[in-house]
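Protein chains: 2
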Amino acid sequence: MAASLHPQCMGSAHGRVTSWETGAAPIPAALPYFVAFSQLLGLTVVAVTGAWLGLYRGGVAWESALQFNVHPLCMVIGLVFLQGDALLVYRVFRNEAKRTTKVLHGLLHVFALVIALVGLVAVFDYHKKKGYADLYSLHSWCGILVFVLYFVQWIVGFSFFLFPGASFSLRSRYRPQHVFFGATIFVLSVGTALLGLKEALLFKLGADYSKFEPEGVLANTLGLLLVCFGVVVLYILTPPEWKRPSQAEEQALSMDFKTLTEGDSPSSQ
Amino acid sequence: MAASLHPQCMGSAHGRVTSWETGAAPIPAALPYFVAFSQLLGLTVVAVTGAWLGLYRGGVAWESALQFNVHPLCMVIGLVFLQGDALLVYRVFRNEAKRTTKVLHGLLHVFALVIALVGLVAVFDYHKKKGYADLYSLHSWCGILVFVLYFVQWIVGFSFFLFPGASFSLRSRYRPQHVFFGATIFVLSVGTALLGLKEALLFKLGADYSKFEPEGVLANTLGLLLVCFGVVVLYILTPPEWKRPSQAEEQALSMDFKTLTEGDSPSSQ
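So the sequence lines, in the order shown, correspond to chains Z and A.
For the first sequence, the UniProt record's numbering assigns the number 1 to the initial residue and increments by one for each residue that follows.
For the second sequence, the UniProt record's numbering assigns the number 1 to the initial residue and increments by one for each residue that follows.
Chain Z on its own, in the form it takes in the complex:
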């Protein structure tokens, strides 16, 4: 709750802005600190995942029993850290051309998707080599659901916003859905990572988990760090005042569109 009581982020204080660059749209005062904190948390999550796999699971390799460990590492880097950062692009790049920002958002999601795919191949390949069953656990059901939703969201987002690009009216109607499902898929990714972490702990530690084994404590801490990263990213995405301001050209288009649609449906407020 600390964040909620911090005077810089309470309610309308979200709107306090300072202009760091002459002539550019002003940056909300608290935003850079929250973004910096999110990156510190995100990098800590990746580092602690690496430390957990290195210290207690023998490290990471493709051609051995360590292939399994490629899975959590790739999923945390791709579907947690990079996916989270892709969502933050529109809060961080506020004055660059809209198209550049869009391409960066799409590219970060492509990197995340490819890294996640490597992580998926690693676990299926490992299961095959060991003769283990696939897709029986809640973690795997959630994981497949998240991966399919992520892929569909990318394809639909690309078709609407990049190439070939839908009409302005269609984009405006789809945008809130894209944002909602983007945030939802990110939250589901973090939740699925927690389920996987728990599964890995219980399979290896069993009843020793209750003896506060160092691995258990480190992995629980990693779980809480994952939750914190998720919450901070969503916190940055929430205030309307922290959204990327629309540029002069977009505002003109948006006003035209608003006039047109309000003429169409006067009761839409």
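I should point out that these hints are in silico values taken from the structure, not numbers from a laboratory.
Among the hints, erroneous ones may be present.
Where chains are identical, the list cannot tell them apart; a pair therefore holds if satisfied intra-copy or between any two copies.
[To be verified] Each computed DSS-like pair below joins lysine-lysine, with the alpha-carbon atoms no more than 30 Å apart:
hint, residue 1, residue 2
1, Lys128, Lys98
2, Lys128, Lys211
3, Lys98, Lys130
4, Lys129, Lys211
5, Lys243, Lys128
6, Lys98, Lys204
7, Lys204, Lys129
8, Lys243, Lys211
Following the hints, complete the assembly by docking chain A onto the known chain Z.
Okay, now just chain A, sitting in the frame of chain Z:
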């Protein structure tokens, strides 16, 4: 993704409204269907939790080894179903007095809190009788965090919005934080339930989990239903057009306040 492609809920279509009661503020056309769907999902989640505990865990009782089963049942009813419904109060009761709606929101959260407390006592008491360790798992760490946050949120919300009530300016500043942390605590509650479900499955089924045991399949389905309930509740909370319209008196107050604060800080956009 089905919801995102439904024409009634795409982007600005959120704003399509019909007036069901003459003289009352109109109700967004798709909202009642989404609320009905959320209730169907919520009740299904409670029923499937009951079915799981009844069919595979011997049912629920306080004075026996079945005391443990009180824990998941209470947590799902309190911190998932009732908490979710408490968040929806402001979307469902749109024309009742603001104070009545507030009291209902607060009361639903009190019921949720009390039921969750019974669920907590059940598991700690069960652990004590069996001589099991407490608070070693990621599920328990997340659970305690959620319960403390939920309690603090209730106390702070009560102090600001009900009794004695803060000034209009303080309430307006705190409201976005209350809403953000309310939704976050709800999501964390659903996530913690999934971790608990997974723990219960792995402790009992062990390696048999991978043989697609009926209990495993039922519990995985329960996990997905919990996720769906969480997503639908958040989906209903998201569109600005679906928020409870402020009543004439509140609008006048809000305008005065806006004029005052904008006079105070001209750069706050």
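Now the hints, each set against the structure:
Taking CA atoms no more than 30 Å apart as the test, lysine 128 paired with lysine 98 passes in neither setting, with 45 Å inside one copy and 59 Å between copies. Proximity of lysine 128 to lysine 211 under the C-alpha cut-off of 30 Å is restricted to the inter-copy arrangement: shortest distance 15 Å between copies versus 33 Å within a copy. Neither within a single protomer nor between protomers do lysine 98 and lysine 130 lie at most 30 Å apart by alpha-carbon distance, with minima of 48 Å and 61 Å respectively. Taking CA atoms no more than 30 Å apart as the test, lysine 129 paired with lysine 211 passes between copies only; the shortest distance there is 18 Å, against 32 Å inside one copy.
For a Cα distance limit of 30 Å, the shortest separation of lysine 243 from lysine 128 qualifies neither inside one copy, at 46 Å, nor across copies, at 50 Å. For the identical chains of this complex, lysine 98 and lysine 204 are neighbours neither inside a copy (48 Å) nor across copies (53 Å), given an alpha-carbon limit of 30 Å. With identical chains, the CA atoms of lysine 204 and lysine 129 are at most 30 Å apart both within one copy (19 Å) and between copies (26 Å). When the C-alpha separation of lysine 243 and lysine 211 is checked against a cutoff of 30 Å, the pair qualifies neither within a copy, at 46 Å, nor between copies, at 48 Å.
Hint violations for this structure: numbers 1, 3, 5, 6 and 8, all remaining hints satisfied.
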